[in-house]
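One letter stands for each residue in the lines below.
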Amino acid sequence: MSRAKIRAKLPTKSADPTVDIELTVNGERVSAEVSTRMLLSDFLRHELGLTGTHVGCEHGVCGACTVLINGVAGRSCLTFAAQAAGCEVRTIESVANKDGTLHPLQEAFRDCHGLQCGYCTPGMIMNILSSFNSSAPLDLSDEGIRDIISGNLCRCTGYQNIIAAVRQAAKAMSLG
Amino acid sequence: MSTKMFGARIKRNIDPQLLIGEGSFVDDIPLAGALHVAFVRSPFARAKIKSISTEFAEQHPGVAAVYTCDNIGALDLELPQLIPHPCMDSPRTQRPLARGDVYYVGQTVAMVVAVDRYTAEDAAALVDVDYDPLPVEIDLEKAILDGAPLVHPTHPNNIAADLVQISGDPDSAIAGAEHVTKIRVQVDRSTAAPMECRAVAATFDKVMGELTVWDSTQGPIAIRGGLASIFNIDEDKVRVIAPHVGGGFGQKVLLFYPDELLVPFAAMQLGRPVKFIEDRRENFIGSSQERTQIHEIELYAKKNGEVIALVDRFLHDTGAFIPYGIAVAQVASTSIAGPYRIPNIRVEFKAVYTPTVVVTPYRGCGRPQANFAIERAMDKLAEELGLDRFEVRRRNLIADHEFPYLRKGLLFADGLPVSLDSGQYHKALQLLTEKLAPEEFAVQQKAARGAGRYLGLGLSFYVEGTGLGPYEGGHIKIHPITGKVYVNTGLTSQGQGHDTVFAQIVADQLGVAVTDVILVEGDTKAFDWGVATFASRAAVVSGNAIHKSALIVRKKTLAAAANMLEVSADDLELRDGAAWVKGSNRSVSLAAIATATNPLRYAFNESAKAATQFAPASKHDGPPLAEGQHPGLEATDYYSPPSATWAYGVHGAIVEVDPEICAIKIKRYVCIHDCGNMINPTIVEGQVMGGIAQGIGGAMYERIEYDTEGNLINANFVDFLVPYATEIPPIEILHLETPTPLNPLGVKGVGEAGCIPVAAVIASAVEDALRPLTHEHFYHVPITPSAIHAALKKAAPAN
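As they're listed, the protein sequences go chains H and U. If you're matching positions, the first sequence starts at 80 in the numbering used here and goes up one per residue. If you're matching positions, the second sequence starts at 5 in the numbering used here and goes up one per residue.
No wet-lab data here; the hints were simulated from the structure. Virtual Cβ for every residue (Gly too), placed ideally from N, Cα, C. One or more of the hints may lead you astray.
[As the list claims (entries may be wrong)] Here are the computed lysine-lysine pairs in the DSS-like style, where the Cα-Cα straight-line distance is at most 25 angstroms: (1) K559(U) x K481(U); (2) K186(U) x K92(H); (3) K481(U) x K354(U); (4) K450(U) x K671(U); (5) K250(H) x K481(U); (6) K84(H) x K241(U); (7) K177(H) x K15(U); (8) K88(H) x K671(U); (9) K559(U) x K186(U); (10) K84(H) x K210(U); (11) K488(U) x K559(U); (12) K186(U) x K798(U).
[Stated by the list, open to error] Derived DEER-like restraints, expressed as beta-carbon distance ranges: (13) K54(U) x G139(H): 48 to 58 angstroms; (14) P216(H) x P408(U): 34 to 44 angstroms; (15) L157(H) x P635(U): 29 to 39 angstroms.
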């Protein structure tokens, strides 16, 4: 605390074994040396600075950490960074339009008040986009939409406005 | 003036940032070289610590420090008890790191600081703690019996507090009663489970002597005060920031969680940023919870259903410590008579220590339990007297002309007598009746039963004391370059949309776009007078403070503009970010006015140039600033509510119960709700729907389960069932708007409302549905499939 105190020599790295990985994140080639046990969520957030991907439970239940891995929704908290080597990863930071305007799904979340604290929202959006991108037919009934987002917990909204947002976005994107 | 923003369904200012992944939650703050914390936590519900050995952990590669109670200096203390009350005898609070004893599974015993969380967890496993386990009693009713193992030897029968409150003359009323209904009800323990767990990061700048803490808290000002006191640093040298917070629901306002002190301590000791990011398991075993209460409630009535007296005795589980005092039990006890006249009340509670996670308010704060008790009792009274459930309520509801309705003798959490200030209770019940059409439903129900399907209707009426004091403030400043309006208050937001609703209040007074009002809160450097976000108080207390400040700035703006445009202030209107001479195209922008009111202009920009084209903003002789005059367009004012203001509502549902698989399906859910004037109905509805979803969790799914040894056996999202979208039905909401006479905006709080009545609604409906199959009552939530199975089995014992 005192300015006279000489700064202690503190460690700067762990003794974890590391591995070199190369992957594509939001269209950019990325290479890094990472601990073999580093989670993809930690890699994206703390190594790449893409903090839009959130971590809610670290056991694959809440869906907050959902990203697209090769176009399909995946839990970045249950995936090691090393497992994503060679993959194309997309995160929430890649969703808005290049000119900074919101993607129709983001716009719909805003129009419908589909978010409150916003913590679950990026994972929710990536999961919905995965369904939108899928070749499987899109069921836009209430039940169908509930099913689409049934892997994502939200503690704030009660989901009703999210369901409305999914429907609005699908319509705007001429899906379903 | 342009269109009124107060009351409009405005989209939220904060959303774009959150939607593109540019939120700023605590773990998003970049802190170069940050060290990470992992805790060693007690594996026993009650034990003596014989020894702690940290040697191996300290030697583990990547470890910077290991702390126990022996090397944390001033932090080796019992944490403060924040809300004293004479009914508590020497209330017990936790120590940041255990000394000698542990009191629940999950209590922090040692703290490891390392280069990353992975390494910190490895090293935490190397801390060797030798425990001598002690016997425990987890069951609330057994814990108060003579001979039960004690959580604290200082507290016989584990009683932490015992309070009786009396309103009217219950004894005389009871003597004159023609009927009595008695039931026992229980609500089980749940947890807030915000999607972002708690998080604390800190950095200490030893050159400037400044400690900066980012804390996912609902009350940064109080945290700042505590840190400054405990570390003996000037308050101005401690800055606490609650950036974006991923849900709170009450759990994020406890002073203090151990990490909130230990992380800043380690940052100061080690000269590096330090962070603790709680994981989900830790949130279950280390962050506070609420709900378990067991009520024995008695309603004394006339044959016509009029309730003349209420007696309620309840046990309240406070967990291992009572840092928040009796708040939860007190709110429950003072809400027990709900919306009903019931002029004579005797309510007694015992708060009981159990060797479990600490109990502090979780959204609802005792109200869901009180509601479950009174509303289930009203249903039972109706059943016993052969009355309709709607009718028995109608006969007891307070009438519009009876407000304010005082319950003398019942002191609410603000220390003032309960006084229900306004409402249209009968109209609300009428609206629900129209929506659910119970008579038509009875026909459908009968037909469905004929087809082997079991439909039921349930309802529950609730009141909620909101907007607790003592005060909040609002600071408003019009920026002299951009003309944008900056607003500060002492609160934090965890998703409630303060930045939008407060902007709506300000926009109406200053004639600016809602998007041009920028709220900065949750930062002690931005505004450091105030309380915190809890008790459904933000819109009421900060909203009115900001409104008062906006009125002052409006007046200053008009006065300056009148001088600049050389007209009377009465001839001016504020709209589109400027002051306009009514009926003309002459105007001056707010930026120019703000610039002109500062005698020393730095003419670097367009608004400064523009300002020179007008007459001076102030007409006076002498020095550039007249006595009492301030530069700029700026004001700070405060609002202190005279007492809580009472919101209310009534919910009803139609459910179908499948007796084969014991599943409940909510087919319709209707909410009639009144929180006074609504600032933004869309946000109100969001709050209500979210609350109802949490209420459904508590009614049907969520139960914190301790085994007999005090292990929390479902400390994860696989076993503790937070509802997904597949569990939450569409909600139909109808609003009433009865303005409160207690504050200038006529607003009441709404944050907690949704969750309060849900358990009683579901229980009432399930009971109604299963009446042909069982006469069992549902007096215990959550109503799980096992509970339904047990009720059906009791009705029809196996042959």
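Status of each hint after checking the structure:
For the hint linking K559(U) to K481(U), the alpha-carbon distance of about 13 angstroms falls within 25 angstroms, and the restraint holds. Proposed proximity of K186(U) and K92(H) is contradicted: the alpha carbons are some 65 angstroms apart, above 25 angstroms. Restraint check for K481(U) and K354(U): the C-alpha separation of about 49 angstroms exceeds 25 angstroms, so the hint is violated. Straight-line distance between C-alpha atoms of K450(U) and K671(U) comes to about 16 angstroms, which keeps the hinted pair within the 25 angstroms bound.
Restraint check for K250(H) and K481(U): the C-alpha separation of about 42 angstroms exceeds 25 angstroms, so the hint is violated. Taking the CA atoms of K84(H) and K241(U), the gap is about 19 angstroms. The hint holds against a cut of 25 angstroms. Under the criterion of a C-alpha separation no larger than 25 angstroms, the hint pairing K177(H) with K15(U) is consistent with the structure, at around 23 angstroms. For the hint linking K88(H) to K671(U), the alpha-carbon distance of about 64 angstroms lies beyond 25 angstroms, and the restraint is violated.
Proposed proximity of K559(U) and K186(U) is contradicted: the alpha carbons are some 59 angstroms apart, above 25 angstroms. A hinted pair counts as satisfied when its Cα atoms are at most 25 angstroms apart, and K84(H) with K210(U) qualifies at roughly 10 angstroms. For the hint pairing K488(U) with K559(U), the CA-to-CA distance comes to about 17 angstroms; that is within 25 angstroms, so the pair holds. The suggested pairing of K186(U) with K798(U) holds, with an alpha-carbon distance near 21 angstroms, which does not exceed 25 angstroms.
Roughly 38 angstroms separates the CB atoms of K54(U) and G139(H), a value that falls outside the hinted 48 to 58 angstroms. Against the hinted window of 34 to 44 angstroms, the Cβ-Cβ separation of P216(H) and P408(U) comes to about 58 angstroms, which falls outside the hint. At about 57 angstroms, the CB distance of L157(H) to P635(U) disagrees with the hint of 29 to 39 angstroms.
Against the hints set out earlier in the document, violations occur for numbers 2, 3, 5, 8, 9, 13, 14 and 15.
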